[in-house]
Amino acid sequence: MRLSRYFLPVLKETPADAQIASHRLMLRAGMIRQASAGIYSWLPLGFRVLKKIERIVHEEQIRAGHIPMLMPTLQSADLWRESGRYDDYGEEMLRIKDRHGREMLYGPTNEELITDIVRAHVTSYRDLPLTLYHIQWKFRDEIRPRFGVMRGREFYMKDGYNFDLTREDALHAYNRHMVSYIRTYERMGLQAIPMRAASGPIGGDNTHEFLVLADTGESEVFYDAAITDLRLGNREVDYNDREQVAAICAEFTTPYARTDETHDPAVFEAEVPPERRRQSRGIEVGQIFYFGTKYSEPMGATVVNEKGERVHLHMGSHGIGVSRLAGAIIEAFHDERGILWPEEVAPFQVGLVNLRQGDAGTDAACEQLYAQLQAAGVEVLYDDTDERAGAKFATMDLIGLPWRLTVGPRGLKAGVVELTERRTGASEELKPQEAVARLTARFGPRRAEPDAAWL
RNA sequence: CGGGCUAUGGCGCAGUCUGGUUAGCGCGUCCGUCUGGGGGACGGAAGGUCGCAGGUUCAAAUCCUGCUAGCCCGACCA
1 MRLSRYFLPV LKETPADAQI ASHRLMLRAG MIRQASAGIY SWLPLGFRVL KKIERIVHEE
61 QIRAGHIPML MPTLQSADLW RESGRYDDYG EEMLRIKDRH GREMLYGPTN EELITDIVRA
121 HVTSYRDLPL TLYHIQWKFR DEIRPRFGVM RGREFYMKDG YNFDLTREDA LHAYNRHMVS
181 YIRTYERMGL QAIPMRAASG PIGGDNTHEF LVLADTGESE VFYDAAITDL RLGNREVDYN
241 DREQVAAICA EFTTPYARTD ETHDPAVFEA EVPPERRRQS RGIEVGQIFY FGTKYSEPMG
301 ATVVNEKGER VHLHMGSHGI GVSRLAGAII EAFHDERGIL WPEEVAPFQV GLVNLRQGDA
361 GTDAACEQLY AQLQAAGVEV LYDDTDERAG AKFATMDLIG LPWRLTVGPR GLKAGVVELT
421 ERRTGASEEL KPQEAVARLT ARFGPRRAEP DAAWL
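Residues 1 to 455, numbered by this note's numbering, are exactly what the first sequence covers, in order.
Be aware that one or more of the hints could be misleading.
Stated by the list, open to error - Computed cross-link-like contacts, DSS-like style, restricted to lysine-lysine with a CA-CA straight-line distance of at most 30 Å:
| # | residue 1 | residue 2 |
| --- | --- | --- |
| 1 | Lys-97 | Lys-52 |
| 2 | Lys-97 | Lys-138 |
| 3 | Lys-12 | Lys-51 |
To be verified - Estimated spans, in silico, between C-beta atoms of each pair:
| # | residue 1 | residue 2 | range |
| --- | --- | --- | --- |
| 4 | Thr-424 | Ser-76 | 48 to 56 Å |
| 5 | Gln-433 | Leu-70 | 43 to 51 Å |
| 6 | Gly-233 | Thr-424 | 18 to 26 Å |
| 7 | Pro-274 | Ser-219 | 17 to 25 Å |
| 8 | Val-311 | Ile-143 | 39 to 47 Å |
| 9 | Gln-244 | Arg-99 | 48 to 56 Å |
| 10 | Ile-39 | Asp-78 | 25 to 33 Å |
| 11 | Asp-238 | Ser-427 | 40 to 48 Å |
| 12 | Gly-233 | Glu-379 | 20 to 28 Å |
| 13 | Leu-11 | Ala-198 | 35 to 43 Å |
Read the hints as simulated data drawn from the structure, not as lab findings.
Backbone N, C-alpha and C fix where the C-beta goes; we use that ideal spot for every residue, glycine too.
Generate coordinates for the entire structure from the input sequences, incorporating the hints supplied.
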């Protein structure tokens, strides 16, 4: 993408309304624009990040054997009356009437809708296990939205629902989600710690929240420092292997880690040696629930088991805050100059900076680098504008692309360009072809993910 | 929803208390010249129903009333 043809409305000054780093930087980097309280437009740069996060979520869900679909944002109130949640949910749910006076709502979550679909079409134990998910806009009419996309009213979220014959099957689904979530966050460069949590309006007795440690987090968290050393990495996971999946869950949930809602100081002190006790703040980026027959009973979602008996489905639901993650990643990775995107979610992988736009030699060198990188499948933002060097560097630092390739007449005279890593600031002078080779090796066409047919 | 506050060009602000020339400043934008490796300099220009409605007054960004939107603290929350 050529910057001169792109839409990147960066702000030099800090918007007055933004209180925390991610909100400030998303506004300054031209990623979002507030439409009304807690509701944002995603401008091109922000949109690219959102879609990258979304893609990772899809890939890891599909890898875990979960099936993508799409449900609507608007739902009928009738379904919510069946589950009994129409009244329980309160003011947080946005209620709307259509022209016929029918009561509708902008969905804050989709348990009722998915249960309605499944009860209509799933009748036998032979149809199970089944986990369906979608990524869709949700709305919760927060009393006080704040912190940009971290706590908006409208938000983009992956929510998945498992339907199983037995409690044991459903708990395996729960574990499968936990492992796939850990992997999802790790791919984004984040460590999100599963913490025992309270269930809230979704209900259920088995639930974990995933928290990214950050000073600006809304939750108070208590944990054993040992948990921060755990990594799933790229170990092979067979999501059908109950023992393996359960063992990974045990590994990640054995060290003490709880939010203030479930924190128990006595247990904390008994289990964790003093030097490993940590108290911090965290941003919640996902939550998983097992809630058994909470919805299948009132809504009559049953199957016939192998003995011919009609039994209620065991269910759970599992969410990842996709739009919130964009903010959480920035909270975790920024410095005083701007964002430091992890490579997997960066809007572009490389920023190509032409230091002397209009100079025949520099222009030609940049055009060639740009064409070669594009051809190799590297995502490049080419700053071909007439700005001065300082302004270009400041913009690149602000939007936080992981690598910057700087091309100027001074370097070209010596036959080199400069490759700079945003995160460390480390620079290296290379021949242009070496730079292309280096970046191509790193970012060349990504290998196709299995069954990534949702695209 | 309680408490506090704000609304003036794309962004950040001054002006309001004490009504009175043409509503200013910085950034950004556009044109030109010089520049050219960390937000450069100079010259010129465009851009404003002063949140909305009503009222007071010879005169309202400024005073009064009502409304709307947004922000902060709290309670609440993926």
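Okay, the hints, checked on the actual structure:
no.	hint	verdict
1	Lys-97 to Lys-52	violated (35 Å)
2	Lys-97 to Lys-138	holds (18 Å)
3	Lys-12 to Lys-51	holds (26 Å)
4	Thr-424 to Ser-76: 48 to 56 Å	holds (53 Å)
5	Gln-433 to Leu-70: 43 to 51 Å	holds (45 Å)
6	Gly-233 to Thr-424: 18 to 26 Å	holds (22 Å)
7	Pro-274 to Ser-219: 17 to 25 Å	holds (23 Å)
8	Val-311 to Ile-143: 39 to 47 Å	holds (40 Å)
9	Gln-244 to Arg-99: 48 to 56 Å	holds (54 Å)
10	Ile-39 to Asp-78: 25 to 33 Å	holds (27 Å)
11	Asp-238 to Ser-427: 40 to 48 Å	holds (43 Å)
12	Gly-233 to Glu-379: 20 to 28 Å	holds (25 Å)
13	Leu-11 to Ala-198: 35 to 43 Å	holds (39 Å)
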